[in-house]
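Enquirer: Take the given structure of chain A and dock chain B to it, following the hints.
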Amino acid sequence: MSKFKEWRAGYLFALPALAYMLFFVGYPIIDNIRLSLLDVNVMNLVNGDQPFVGFDNYTKLFREGALVKVLQNTLVFTMMCIALQFVVGLAFALLFQLSFRFSQRLRGLVMISWLLPATITAMMFKFMFGSGGIINDVLLRLHLIQAPIEWLVERHTAMFTVILANTWIGIPFNMILLTTALTTIPKDIYESAAIDGANVLQRFFRITLPQLKSAILSLLVLGFIYTFKVFDIVLIITNGGPVNSTQMMSTFAYKLSFDQFQYSQGAAVANVMFLVLLVVGFVYMRLLNREERS
Amino acid sequence: MTLLKKNARWLLPLFGIIVTAVFLFPLYWLAATSFKTEAEIFQTPQTWFPHQFQIESYTEQLTGSSVDIFAGFRNSLAISVGALIISTLLAIPASYGVARFRFPGRHLFVLLFLVTQMLPASLILTPLFLLFKQLGLIGPSYWSTILANATAGIPFAVIILRTYFVTLPKELEESAKIDGCNTLTTFFRIMLPIAVPGVVVAIVFSFLFAWGDLIYGMTFISKESLRPITAGIYNFLGFQSTSWNNTMAFGTVSIIPVALLFIFVQRYIVSGLTNGAVKG
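Chains as they are written, first to last, in our numbering: chain A, 1 to 294; chain B, 1 to 280.
Excised from the complex, chain A in its bound form (with noise of 0.2 Å):
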């Protein structure tokens, strides 16, 4: 094939698809900076007499707090749920390693909580964590607490709520990955191991999590790419309250832009949403190339 001809035919195959994500999604980036520096509303929308305000959506909700606030309390979430999701997903990724019984058939059953929508799941804890839910239950029953606790209704028990139902998504993820990076340790490192004696602790800690730094890495930041995003979770089993407690980056952007159709404001914080994935997207980039040169 000459040159020029397979030049057009990848670009042929290629572009379409490209040219819809473009439109799609590069566009709506592009677009939310030139909305976020107007001031565009449910007034003005139709008429376009939307005045150019510069900065005054960022230093309106930077000087409010509301932004502050919002960034920190999706900043404790991912913190929060990826530790979680990685320990747990961690531990199952080893039980199910030592190939018993069931074991495979057993792991890919786990794999359904990330299958499921994320408003099943939101469903299913708000009915599990409500006042008259089976956790109460279940703890009143155990009498390790006396009365109910209203778990939805004061604020950190809110937000261990959302952490929770947003955990349960993401341990099959975390488990999956890691079950792939622990098939690619080799088995001779373990025997000469157990020949010098090693117990399971010191096999664990000296030899599996060293060697699966790597993959553990490219958990983190991909764990915190998508659990940063978080909506369903949030908007359905709290809705951001109590007062703003668990409001994150991305139902406070809808509630400007939706509730009270403040479309500037809402560009504004998706901005700002989007600097916060730039960043750690650029560390992960730069984690690959390094492991691609050693």
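Hints should not be assumed to be uniformly reliable.
[To be verified] Think about it this way: if two alpha-carbon atoms lie no more than 25 Å apart in a straight line, the pair counts; the simulated DSS-like pairs of lysine-lysine are:
| no. | chain 1 | residue 1 | chain 2 | residue 2 |
| --- | --- | --- | --- | --- |
| 1 | B | Lys-170 | A | Lys-3 |
| 2 | A | Lys-255 | A | Lys-60 |
| 3 | B | Lys-223 | A | Lys-255 |
Since the hints were derived computationally from the structure, they do not count as laboratory data.
Note that this is a predicted model, so its numbers are computed, not measured.
Expert: Structure of chain B alone, referenced to chain A:
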């Protein structure tokens, strides 16, 4: 330790089953609640099984009540199938293009797909809403939601399928050419059939992404009766007194497609998750 070793043959599977059962308890609770009566749901102490097994939460929807479970199901299906058709039709050729042809900018193409795959819906929601409004697509129609949901399926499918096409040997194309195939016939007759497992993964995930969508459906579709099942659930939960058994019936019905896909293509799903996430 010796006790553990002696009984490992049944102790470990038992432990594994208990762990999995506890982990998946919310799913059981969802289904069990949907068969309970409203009174039994709030009984204390709670019942582990529905004592009075009722299916009215499901049948009520048939006889036409406030919210129609089957309309929601039909809407979700139309949106998901639409999104999966667009994303597979665009992603299959694109992945083949970036995997098999050397042309300037193809690394950038792959990078762009990688990046767009990670971008959340809430990021582009406002400008996308305004764009669709200008195009006249906001209203009583599935189109805006279908188009938006395809943006989640396309990059994922491209990345998954690229890994399939990249590994195929160069000789395949060369021998096809000797047999008189041109670029297009090589793609359709030789390469595509080999990549079928990858295509299945792409289709399944494009479907699942759209099936789970809430944000696009509830923002873009103005008419409630055309909104997806997830939006129906969101609405249900917004009522002052949520009718939990009805909501749970809604939920149970909406996970049926997920469960079916899971049973039939589990193998592909696992490979999709690892390829899409690690290499992506």
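Enquirer: Now, for every hint given, state plainly whether the structure supports it.
Expert: Against the structure, the hints come out as follows:
no.	hint	result
1	B:Lys-170 / A:Lys-3	holds, 16 Å
2	A:Lys-255 / A:Lys-60	holds, 16 Å
3	B:Lys-223 / A:Lys-255	holds, 20 Å
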